[in-house]
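On the provided structure of chain A, position chain B as indicated by the hints.
Protein chains: 2
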Amino acid sequence: MTETVNDTIRNGVDTATMFATLDAIKAQPEIAAFKFRATNTWIGGSHNRSSIKSFYAACAEDTSRTEGWTLDAGEPAILLGADEGPNPAEYLLHALAACVTTSLVYSAAARGVRLTSVSSTLEGDLDVQGAMGVNTEDYRNGFERIRMTVTISGDAPPEKLRQVVERGRDRSVVFDSVMHGVPIELDVVTA
Amino acid sequence: MTETVNDTIRNGVDTATMFATLDAIKAQPEIAAFKFRATNTWIGGSHNRSSIKSFYAACAEDTSRTEGWTLDAGEPAILLGADEGPNPAEYLLHALAACVTTSLVYSAAARGVRLTSVSSTLEGDLDVQGAMGVNTEDYRNGFERIRMTVTISGDAPPEKLRQVVERGRDRSVVFDSVMHGVPIELDVVTA
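Chains A and B, in that order, give the protein sequences.
Here the first sequence is numbered in this note's numbering, starting from 53 and rising by one per residue.
Here the second sequence is numbered in this note's numbering, starting from 53 and rising by one per residue.
Isolated chain A (complex conformation):
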């Protein structure tokens, strides 16, 4: 019995629950609509803080999280801050790294590939002439490009491991969001 239960866990993912979730979504697609959230408060200068907890899933507000998290953002001295936290651009790179990693780990679990290690390095090029308004003709505000290198090992041949990474990329929420863009509606309330 223990052996049977353990057999469903692969790469730390319960594949029985994974396949049951996929079946549930196929049977009732409306449960797949999620709403994720963050609230942010300015502390001072380049320092601000987000709180993350609530989200909507499976046609209801999720109640499984008893505690949330706070995340501090800042800027280094050269960008007029005091390193109160990673800066927003660095948080974007982290979001991308984390999402591709989780997607590929889940993909490997679904395909029966046991992974030994996954790590990644990311670097984004940004010319601040755009964001600082110095030269907005030649430079955009955002990253010009991002490079990501994933190093992976596991119980499959190199070509299969490569496919696992590519599948993770192709199913990643943040990869798609950053690669192809997302419409953002901004409202302003003056208090």
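To be clear, the hints were calculated from the coordinates, so they are not data collected in a lab.
Because the structure is a prediction, the values reported are computed rather than measured.
All clues given are correct.
Just so you have them, the derived chain A footprint on chain B, three or more residues with Cβ under 8 angstroms:
| no. | region |
| --- | --- |
| 1 | 81 to 94 |
| 2 | 97 to 107 |
| 3 | 143 to 154 |
| 4 | 157 to 169 |
| 5 | 215 to 229 |
Some but not every residue of chain A turned toward chain B, in silico, with C-beta under 7 angstroms:
| no. | residue |
| --- | --- |
| 6 | F88 |
| 7 | A149 |
| 8 | S172 |
Taking beta-carbon pairs under 7 angstroms as the criterion, some of the chain A residues facing chain B (in silico):
| no. | residue |
| --- | --- |
| 9 | L132 |
| 10 | V230 |
| 11 | M231 |
C-beta atoms are modelled at their ideal positions from N, C-alpha and C, and glycine is treated no differently.
Only chain B this time, still in chain A's reference frame:
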């Protein structure tokens, strides 16, 4: 003398340093090329961790940061995790909130607007039928849309405060990156 020094600080931003930085970039545009970085390691299942510290700026590796940060990402139970941290999609919302906030605070400082408070709420719509591969015809992997509401108060009329937020949006690195997308190059190394 103290009064003169204090006069340059607005919204926690040293505007004298800000304008000196802008002048330095105008005089020597190549110092505006930044490279931001993150490295990520898979821990198990939906749990992975990024380290953030080094970056390149002003034609050299920055050495001002003595310590960096680690950021843990996870997934809630409904997405097969154990809430090891905010999930990657939530980190993306935080990056967006933090960047628009810092951009608008800096913009207000440059324009002589003293802010009293800034807060924001963000919500992103995501149908996981795409990312889970259940229905990739009708649903993308990434966020369908993101809504952001900024609440702001300060020593300027509502219309001016609104312009400050819009200026912050229009100069934000992460807003532009997410709204318009960034080319991402992914390399794979099998170990």
